[in-house]
Each structure stands twice: as C-alpha cells, then as structure tokens.
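Knowing the structure of chain A, use the given hints to seat chains B and C on it.
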Amino acid sequence: MPHNTDTRDTGASADDESRRGFLERTAAVAMAGGLAAGYGTLAGHAVRFLYPADTGAGVWQFVCTLDRLGVGESLSFTMPSGARVVVARQSADDDAEAFIALSSICPHLGCKVHWEANNDRFFCPCHNGAFDARGAPTEGPPAAANQHLTRFPLSVQDNLLMIQVPLDNVTVSDEEATA
Amino acid sequence: MSGLGAWLQERIPIRGAQLQELTNEPVPHHLKRWWFALGGTPAYLFVVQIATGILLAFYYQPSAASAFESVRYITEEATFGWYLRSLHKWGATLMIAAVILHQMRVYFTGAYRRPRELNWVIGMSLLLCTLLTGFTGYSLVFEQLSFWGATVAANISDAVPVVGGFARQMLLAGDGYNERTLSRFYILHAAVLPTTMIILVAIHIAFIRLHGVTELKFEDEPDDQPRHFNFFPDHLLTELMIGLVLMILLSALATIFPASMGPKADPLTTPEVIKPEWFFYVSFRWLKLFSLTFAVLSTGFIVAAMFLWPWIDRLLRRITGVEEISVYVGIVATFLLIGLTVWEAAVTH
Amino acid sequence: MTVKTKQFIVGFLGLAFLASLIFVQAMEVARKQAESGNGPAHVAIPASSKGCVECHMKSSPGIIDHWEGSTHAAKGVGCVECHQAAHEDIDAFDHYGATIATIVTPRDCGRCHKTETAEFLASHHAKAGNILASLDNFLAETVEGARVPFNPHSKTPGMDVDMVNGMASVNVGCRQCHGSKIALEGRDGSLITVDELKPDENGIPTNTEAVAQVRKDDNGRPILDVGSWPNTGIGRLNLDGSRGSCSACHSRHDFSPRRARQPENCGKCHLGPDHPQKEIFEESKHGVAFRDLKHHMNLDAKDWVLGEDYTQAPTCATCHMSGHSRNGGRVTHDPGERISWTNRPPVSLLMDTDVEGNVIKETDPVERQKLIANSWQDKRQQMKNVCLHCHTQNYVNAFYRQYDDFVINYNEKFAKPGTKIMDALKEQKLLTSVQFDEEIEWTWFYLWHHEGRRARHGASMMAPDYAHWHGMYEVAERFYQELIPQAREIAHHAEQEGKTEQAKAVLDVIQQILDRPEHEWFEQAKKLAADGQASVLPDAPDLAENHGIRKKTADTPEVKDAGAD
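Going down the list, the protein sequences come from chains A, B and C.
Take 1 as the starting number for the first sequence in my numbering and just add one per residue.
Take 1001 as the starting number for the second sequence in my numbering and just add one per residue.
Take 2001 as the starting number for the third sequence in my numbering and just add one per residue.
Pulled out of the complex, with its shape left as it was, chain A reads as follows (with noise of 0.2 angstroms):
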C-alpha cells in the first residue's frame, strides 16, 4: 500500500522501516485473503443457485407387465412430458437386461424413428438414418457421426417393468400427450 495518511506516524529506523514494509504487506494480504474468502464464497453459493438444483435422476414409471411383451415386441412408452420412447424386448429372461428402451427421437437432427421388424432396425426416414436393435447406429448421418439413440434406464420389480424418466421436462400440448 502505497498511502500511509496517518499523520500521527513518525519516522523510524531502517529496522523499523523493514519491519513496518513487512507488516504492512501481511495486512494488505491479509485483507485481499478475508476479502477474497467471504464474497468468493459467496459468488460461489450463487452459481450453485444458478446451477440447476438436482431433482434426481427423475422417478421409476410403470411400463407394463413382463408377459405384456413378447420376444421381439415393442410398445411405445409415453412419457409424462409427452415424449415417446420405445421400449422392445430382447430376450425371453425375466429381468431388465432383457428389454430396451430408446428415444424414438433421431439424435442427428431431431426426427422420429420407427421399429422395422423386417430389417431388424431402427430407421428414421429424415435422412435415411439406421440403428440396430441396441440403438448403435448403422447407417446414414447417424453412422457416420457415430451418434446412439438416447437410452432410459429400466429395471424389473415384481414382474413389472418399470422406466426412469426425467421429471423437469417442459409438457408438450395435452392432443399430443393424449394422442
């Protein structure tokens, strides 16, 4: 600090001088710490605010009943923000590694894909896009950005099927959840 106004101080020895230079310097980093500490921290509590609250990796939904859906079966899914997700069966085992359950929606720019059962496939008619029953992509932009369909998490409770879903979507129109 280059201002010392206090007219009360008086000269002293180099000693002294030294001693005063280094006091002084602990002082206006001492300050410049507390400072930088208190509304730091502070700043930091607001961009936590900011920062969206977890709401948690979204809530379990019942699907349907395991026997509902045959080997290579699939059911559109609807969720509660209006958004359709596939869910298909792999396999005749009764736990939630048997079944699938992907986005309809294309991950290159936004259209729906549909089920062919005869090309085993996933096909989004937009741009000739290609997913495998796993949603890997096979085909088209997909393939060639090598971007997956977006997976849901399911799990099997009492022979139930059951997905998570996120909670904090913005709800589309009720014709299209109802639809």
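For the record, the hints were derived by calculation from the structure and aren't laboratory data.
It cannot be assumed that every hint is accurate.
Claimed, not checked - Okay, the calculated beta carbon distance ranges per label pair: (1) A:Ser76 - B:Phe1166: 35 to 45 angstroms; (2) C:Met2057 - A:Asp94: 57 to 67 angstroms; (3) A:Asp158 - B:Ile1050: 24 to 34 angstroms.
Unchecked claim - Listed below are the simulated DMTMM-like cross-link pairs for lysine to aspartate or glutamate, each with C-alpha atoms no more than 20 angstroms apart in a straight line: (4) C:Lys2006 - B:Asp1234; (5) C:Lys2075 - A:Asp95; (6) C:Lys2075 - A:Asp120; (7) C:Lys2114 - A:Asp95; (8) C:Lys2114 - A:Asp93; (9) C:Lys2032 - B:Glu1076; (10) C:Lys2032 - B:Glu1069; (11) C:Lys2058 - B:Glu1076; (12) C:Lys2302 - A:Asp158; (13) C:Lys2032 - B:Glu1077; (14) C:Lys2114 - A:Glu17; (15) C:Lys2114 - A:Asp94.
What the hints assert, rightly or not - Counterexamples of contact, computed for chain C against chain A with all Cβ distances above 12 angstroms: (16) Thr2392; (17) Phe2445; (18) Lys2526.
Quick caveat, the model's predicted, so the values are computed rather than measured.
Glycine included, each C-beta is placed from N, C-alpha and C at the ideal position.
Positioned in the frame of chain A, the structure of chains B and C alone reads:
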C-alpha cells in the same frame, strides 16, 4: 508486465494519478465517527439487493398461476435458494432502516440547508422509491398477506382526489387484482424503480462531490487535528468493514430467521389478521385513526412538507427566530413515527 | 485507527463472513439430507392418465388427492392402468376416448399383483360371498326384509314410495362386508350377473344372449344394479367371474398400506355382537400397547417386517398377515394361514385344510390324514413364529394350552350337546322346516353365533372379559335357562298332542346330557328337594360354592376349579 501496462494505457488513456485525483475526495474528519458513515450503508445494501435480486429473478415467474410455486421452488428446492431469498428479504429491511437513519442524521444535523436543498429532495425521492420497491417486492411473493396488502394499498390510492382512480388503474391494470397485475408489480420492482434509484443515487453522489460533505466540528476534538483525510484507502476501508459487518449480520438474520412461505394468495378469503410490512405500520395505523380521505390527504400533505422541508425550515426559522426549530419538530415527528409503529405492532387489529 | 489495523480488521471480518457462509453450506446439506426420501415422492402424472386427472381434479378432487399420495402415483401407475377394460368386457364403456370399467376387480389388480391376488383367492375372505345362500342371509332377506318387493301400507310424507325394497337390509348390511353379486340391469327388468354371463378364463362373457340383454344409458354405459353396486365387500362376485374386492381393505384411491396395517381397517366388518374381534383386540394387552405405541410402530415403512421395522405392538395384520423376521418378511394375503381353530361354526373345528383350502370334516383318522394338505399344527406353528418375537416358547405353548382347553370345554359342554338337542328336535319333527320361526331357534343362534363366538374369540386373543362375561357366562345362561327349558317345553307340548315317542326321544337326549358329570350340578338340588333332603334352593351363581353341592361333586376337577376362581 510493462508491455501489458502500456497496451492498457494506450487504450484507456487515464493515468493512475488522474484516477486517484478523481476518486480521492478529501473526507472531513468527522466521518471517522461511525454514525456519519450511514450514507454508505443504504448504498451498500442497495448493491446487495441488486445482486440477490438478479439471482432470484432467474427463477421467479411473475404470473398469478406460477408466482407462488416459483417462490416455493426457490425456498424449498433450489440450492441456497432459501438463503438468497432471506438475504434479499433482510437486505430490504435493513436498507429501509438505513435510509431512515441516514435521513434522520441529515435532518438533525441540518445538513439539508442551503446550498444542499436539492440533494435533500433527491434523498426524499430515494426514500419513496425504496418504500415502493419494498411494497412491490413483498407483493411478488403472492402469499395471502402480500396479496391483500396490495389490494388494500391499491384501493387506498383510489381515495386520492382527482388522480386516485387513474393511479389504481395504472397500478393494478384494471379495477381489481387480476391476471396482469403481478407483472406490473414485477417490472416496477425489478426494472423501473431500481433504474430510477440508480440514476437518483448517481445524482445524489454527484451533488455530494460538487458541494463537498457538510463539515462538522466537535468540541472534544483537538484543534491541531487535520480537518480531512483521504477517501482512498482510509475511508474505503471503513466502508469495507461496514459492508462485511452488514453481510455477517444479514447472514445471521437469514439463517436464524429465514424467509418463510405463508399460505398462497386466495382472492376469496381475507385473512383474519392483515398487516403490511413493518415499514408501512405507521401509515396503516394512521389510516385506522382517521377517515380514509383525511388520512390519505394528510399523508400526502406530510410527504409534500418533507420534500419542501429545507424551505419550510428556513421560513420557520425566520418567523420564530428559533434556530433549532427543526430539531424540535424532528423530535416530535420521530416520537410520532415510533409510537404509531409500536402501536400497530403491538395490537392484532 | 491506522490503515494497517483497518486492513487486518477487514481481513478478519472477511473470514468471519466466510465462516457464516460455511454455516449456511452446512445448513443446506442438512436440509437436503432431511428432505431426501422424507418428503412426498415426486408425482409425475403418467401421460395415459393426464386427461383423467385434469378433469377429475375439478369434478372429484378427492379421488385425485388420494391417488397423488399413493404408491401407485409415485410409480407412474395412473387411472387407466387399473380402470382400463377390453371392449368385450361386459361393463366396459367409452369415457372420453378411453375404454374403462367402473369396478376394478381382483382380476384387474392381479395383472400386476399376482402373488397377492392368488393368496387372497385361496383365502376364506374370497369365499365370503358364499353367505348369500346361507342361514345368516335368510335372516336379512326374509326375516328382516322380504325377498320380493312389497307394497307400503301407508304414505311416507314427502316421498312417493310405491314399492318397498325388501332386500334393503341385505344390500346395506350383509353384502357390504360379504360382498354382493354384481348385477347389470337387463332390458326386460331382469338382473344379469356372472351366472348368466358365464365368463371365460379371461373374464369375457360367453353367453351372447345375456350380453345382448344388458341395458345401457344414453352414453352407452351399462347400468349397474343399485342393489349390487356400490359395494366393496370382500367376497364380491364380479361380472368377470373373479371373486372379491381388493379395496375392501386397500381403500381406493390411495391404497394406503399404513391404513391396511391398522385394526380400524379390519374393524369395518370384524366387530359387533357376533364376532367382535376388533373390540377383543382393543381389550387385550396387545391392543392397549398398540394404542399407546402406535406412533413408534413405523407404520409407513415400505416393508413392515415385525422384528425388523417394529416390535412395539401387534395389530390384526401383524399376527394374521404381515411378514416377520422368522419368515423372511413374507406377507400373506390369506389371513387363515396362521389360524389353527375355526370358531365360526357352532362347534369349533381344527383347521386341517384340503388342497382347496376347505376345512376337513372327515372324522376317520386314516381318511382324514389322507385329505390333509395343510394341518392345523402347521398353521399354529406359523402363528407361534409371530408370537415368539415377544414371548418365550414356554409362554406361547402354555397360552395355546389354555386356549385349546377353553375351546374344547365350550365344544364339549355346550356346543355339541346344544347341537344334539337341536338335531333331536328336528329329527323328531318337533320343529318346522322354516328357520327362525320358533323361539328355540333364536335361542340356539344366540348361543353359538353370538355368545359362543364371543367367548372363543375372546379366548383366542386374550380378552378375559369377552371370554367370560360376554362369552361363557352368557352361553351358560342361554343353555340352562333358555335352551333346556324351551326344548323340554316343546317336548311336553308334543306329549300333550299325543306324540309320546317323539317327546320321549327328545327328553331322553336332554336327560342324558344333564346326567353327565359336568351338568350334574344343575338339577342336583332339585332332585334333592324332590327327595325332601334339601330345604333351601340356592341361587344359581352360588351353587358352585354351596358346600353341600360341592361335596357331592368333589370328584370333578372342573367344578373345583370354578369354585376356586
């Protein structure tokens, strides 16, 4: 380092010494006394209010359908939401208190007298803006008390002759509280009033710089004491200390008495006990004492008198010849203020 | 104050502010922890039920509020998952684009809750609808009301009553516990039930003629007969051929496990003069402890396992249904699984059950053994496994000894003799074939159906006052002071009418019973008086303590015990 310095110097052509000259207003020595540093307190709290207010606005939704829910989200779900909302609430309380204390200090030391009359008027405007911001902010929570407080206040303004009806229509965007009312309160609270206050504060400070701070001399001070000290860094450090003490105080209030959620606004049921925020207790009690028209008119008269006080004061001094007339009036007014507030706080109805 | 000092102070204050912010951080962490898992689960309304919720939120918000608090809602099971119906279902109708049915049957619940439904269907609960043709039902249908509507005999001011529904007592009384036979209105005024519809194994009706007969309202909605619906009786006979109603215990629309675990839930039906199980429980130490410790019993726990989630007190569910630490927490929806005596019939029977779950009545030991699929000892062991959470093996065994002794005493001293007397009267045709048209039929009904059950249930659940004063005391009074005199009166009356042999047969049965040592006291004094050896006839309650009588019967231990009591 020097390269960067030169680069900056070229683009921002101002030298350190010039900057120091601009900011380093000599501060009268009496400001070493804490009591006289009160002017900086509302300014500091205003900054706190702007900062926390901007943060809250990220989540707040000004519509009758979602306002309450969004405040609930801030309070109960957003990380640190309860803390920031409590800071904002207590910041408002402290800011209004600080403004009133600052004004009382200016009043009782006669610092509004010639040539500083206009700055007093600016200060009065700031006081009204602060109270209005407090009122509109409280209404945004959209809980029962804030809803009915707003309704009552809007209908009070209706009693003002000539412009009353117009004022109410402008405030509520209709005859009564409706779907479009809340967004008016919001834009007043978050944009119009703060912008006005920023401009007024700038003018307020500019006036202080132009006139210089009123200098006072106390009897117990030694004569050889220097009459001024530097704003930077000495007075700035004082302000920093006050700022931090205020932050700690706010933090303590926010954690010990966090802002809560009352029942959601119900336009069909008026709560049994209805009170405005504490800073309106005076006018609320005043309204109960007299007829609506008289109370409104007398309030208007008092506010006008406060605005014009520097000139009224001069007139009174000339007529009565009593130099301290304003002090006597001030003491009476202060007792009236405290008395009515305590009265309102102490009783249910 | 020097600038240096001020700087240090600013630094210090900055750190103090930091400390307050760290405290805020700690509060936030604590708050989030307290909230996680504690508050209500997030309810995301399933897309399939969005329309239902929006409309019913306005028209009947109670339904939605209850549902929102349910586990169903938390797991995304909405309205249509339970109410959905196939077009072929007889009670299906179109409701704003969805094909639904009003009544949700165990078949519907069983789509997901397979084990629970299977256990329930195997239980006595599911057979409660069998009452519809039984003795009790004759009381409500004929004695209390009338099987066919009849004309009113004077006006009801303010209401036009042109016909009296004689089935009113059945509908409101019997069937709300036992379950109704759900019926649809037919076009010709007939009622169409499961009997006419003959549903296949999927619940789809096979009788197309009956289907064509169903009357529908203007919206195409089949009209349910008001006599059969609303009804949540536990043995309801549904249109799809399924039996029962899950909402009898799991009240719609929150299906609260918490509520199902509490005695009040069972108390909708298990109370009153004929089987006051809830009052008996309340009198017992079990009920007293429950009332006191209810709030420590973790009633909201997901799996409510005795010995793990709670041990403070039992409820009805604890002993008869809930999982406990000794059976791996397995809940059963057949409350008969742990019951070793059935105290329902006049004479209590041991609960040896066959493959179909019916109580075996075979008396030949070898034949009986062949039929047993699940013995009473197995059932008792299951119950003992519950008891042992709070009582020692010795204590539990001794309790069961006291209980067995009590039931056998009731059976042997009153139930079997009473049955024998009633059978003799019927055999000798001294009673009409119509029930409840003679006083002695009411007497006998009171004896076993009300008082006898109260006594046995009181003993089974450790409620001494029900076992004795509301129970055996009244059984004894009914037997000695009403049943015996009324039977004799019928016999004497027959004698006067010349039916000497029939009368003698009945009187002999009565006399043989009264000559048994346990009944000997009853007319001992009268005999002595007749012989001129006793001058005073003591009051009945004092008899046992009468020295003279006691001396005569000192060799029967029962009387000795009674005297010491």
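Pairwise hint evaluation, A:Asp95 against C:Lys2114, where the allowed Cα distance is 20 angstroms at most: Holds - the C-alpha atoms of A:Asp95 and C:Lys2114 are around 17 angstroms apart, at most 20 angstroms.
Holds or violated: C:Lys2006 to B:Asp1234, with C-alpha atoms at most 20 angstroms apart: holds (8 angstroms)
Verdict for A:Ser76, B:Phe1166 (Cβ pair) under range 35 to 45 angstroms: violated (57 angstroms)
C:Lys2526 and chain A, when compared Cβ to Cβ, separated by more than 12 angstroms: Check passes; 68 angstroms lies beyond 12 angstroms.
Satisfaction of the hinted span 24 to 34 angstroms by the C-beta atoms belonging to A:Asp158 and B:Ile1050: Hint violated: Cβ distance 55 angstroms, outside 24 to 34 angstroms.
Supplied distance hint 57 to 67 angstroms, evaluated on CB atoms of C:Met2057 and A:Asp94: This hint is violated: roughly 37 angstroms between Cβ atoms.
Restraint check for C:Lys2075 with A:Asp120, where alpha carbons must lie at most 20 angstroms apart: violated (31 angstroms)
Agreement of C:Lys2114 and A:Glu17 with the hint, judged by alpha carbon distance not exceeding 20 angstroms: This hinted pair is violated, its Cα atoms lying about 89 angstroms apart.
Non-interface claim for C:Thr2392 versus chain A (Cβ beyond 12 angstroms): At about 36 angstroms from chain A, C:Thr2392 clears the 12 angstroms cut-off, so the statement holds.
20 angstroms limit on alpha-carbon distance, applied to hinted pair C:Lys2032 and B:Glu1077: Distance ~9 angstroms between C:Lys2032 and B:Glu1077 Cα, so the pair holds.
20 angstroms Cα cutoff - pair C:Lys2032, B:Glu1069: holds (19 angstroms)
Given pair status - B:Glu1076, C:Lys2058, alpha carbons within 20 angstroms: violated (27 angstroms)
Violation of the numbered hints given earlier is confined to hints 1, 2, 3, 6, 11 and 14; the remaining hints are satisfied by the structure.
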